[in-house]
Amino acid sequence: MNYQNFVSKIFLITNIVILNTLASTVFANVSDGDWRPQIVEKMFVLPPKQLERVLNNDFKSSSLFLNLKNTDNKIQDRHKKINDLNKAIPNFNGDEQIELKHQVILEKRDYIKDMNTRLNIKKKHLLTKKRFFQQVRRKAIFKNDIKSNNKISSFQKNKSMAIKRAEKMDKKITNLIVSNNLNQKSKYFNEYYKTKKAMNLLEKKIASHPMFKTSDLLTNPENKIASLNLFVQEIESELSVLELKEQMLSQMAKLVSLDAMDLAEVVSKKSFDVHEVPGEDLNDPTNAIELFIN
Amino acid sequence: MGKNIMFTLMLIASMMSNVEAATIKNLERTRANTVAVILDMNINPNQRIQKVEKARLKLLDMERITINDSKLSKNPSQYAVNAFENFDLTFLVHASLEKDKSLAVHWFEEVGFTTSNLKRTKAIRK
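In order, the protein sequences belong to chains V and D. Counting from 1, position 198 in the first sequence corresponds to residue 198 in the numbering used here; the numbering is continuous, with no gaps. Counting from 1, position 81 in the second sequence corresponds to residue 81 in the numbering used here; the numbering is continuous, with no gaps.
Think of the hints as simulated: they come from the structure by calculation, not from any bench. Just so it is clear, the structure is predicted and the values come from calculations on it, not from any experiment. Wrong hints could be hidden among the right ones.
[To be verified] With a cut-off of at most 27 Å between alpha-carbon atoms, the simulated DSS-like pairs for lysine-lysine come out as follows: (1) V/Lys-122 x V/Lys-69; (2) D/Lys-122 x V/Lys-171; (3) D/Lys-101 x V/Lys-172; (4) V/Lys-197 x D/Lys-51; (5) V/Lys-204 x V/Lys-42.
So that you can see chain V by itself, here it is in the shape it has in the complex (with noise of 0.2 Å):
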């Protein structure tokens, strides 16, 4: 190995430290794609469970995702490869070892940048999500607000008093008619029992779904507010738990430049070994007396 490619492994190595320390600002940097959730306002009225369904599916078709898919398989080739490099460096010795364990650092150096992508890539869909889950609770808190003014909630509840008192007297009406012989019955008449019958069946049917127990907003409405915050609450976490394994990523950058700092001053040692002039040191007066005395 020459004095010149020596200097360069350590300018290399040199630049990884640098790299290293400025890792959590000069990643953020990189472009990760992009994910704007494509979903209609109808979609809103979901329960929170079938909507975070939806909304995955729509991540799937983003670039976002497209590239955290790519570098999930990149993180995945360079954990082989440090794997497989770290096995092989006891089996050799001298320049070849140095350049193995060179290698190893360069890997982890990229592989450092690569998880460093994903979870900015993860983080951005996280805070994507929690964005627009944060939109669906403030309509349906607006909406819940709408419900509960005044005028219109004293109307509903006298309407509902109305069409249970009216509902109660239904079969009262139909003894009435049958006993009375009343044939002059009108179409509306008739079509109201037919539709009320069908109306029963369905609503025994929808009662009877087991869809309709799991469903939150079809039983209760009031209560898509509450899991929706569950949700954010959730990606709050998860955020939380991206934040403790960036940490966990700058202590793995700290080691590998620790790493790349042994490993550059094992070669510079090395390197100032092979140039280091055998015998007397000719700069030293006193060596040179000799040549004065004889």
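Let chain V serve as the given structure and place chain D on it in line with the hints.
Then chain D, alone, in the frame of chain V:
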């Protein structure tokens, strides 16, 4: 030009109000006709019974249509609010069946024409 715009606006406004309270207005019209039959002095009791019975079936349909009208809930007018606040007076057929009374007796009672009330009245000269 100005007149045309005004006319169009008035037409739209009248159409909107018709859509909103059409069922209630129809109910009110039928109810008024039924009450008019009850109070009609020019028919004999048998004719009254027949006419009231016929009007009752029509009124029953109108009441059901109004009660089940989902459009009313979207933006209820004061008219609709008042109608549903006074169930016993608005939905005469339903309320009379609930109380097991005839339509006429129920209406008289709701407006305060009860036998005891009438007995308590005195003819005075002012």
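Now for the hints, and whether the structure bears them out:
| no. | hint | verdict |
| --- | --- | --- |
| 1 | V/Lys-122 x V/Lys-69 | holds (11 Å) |
| 2 | D/Lys-122 x V/Lys-171 | violated (43 Å) |
| 3 | D/Lys-101 x V/Lys-172 | holds (13 Å) |
| 4 | V/Lys-197 x D/Lys-51 | violated (30 Å) |
| 5 | V/Lys-204 x V/Lys-42 | holds (26 Å) |
Of the numbered hints given earlier, the model fails hints 2, 4; all others are met.
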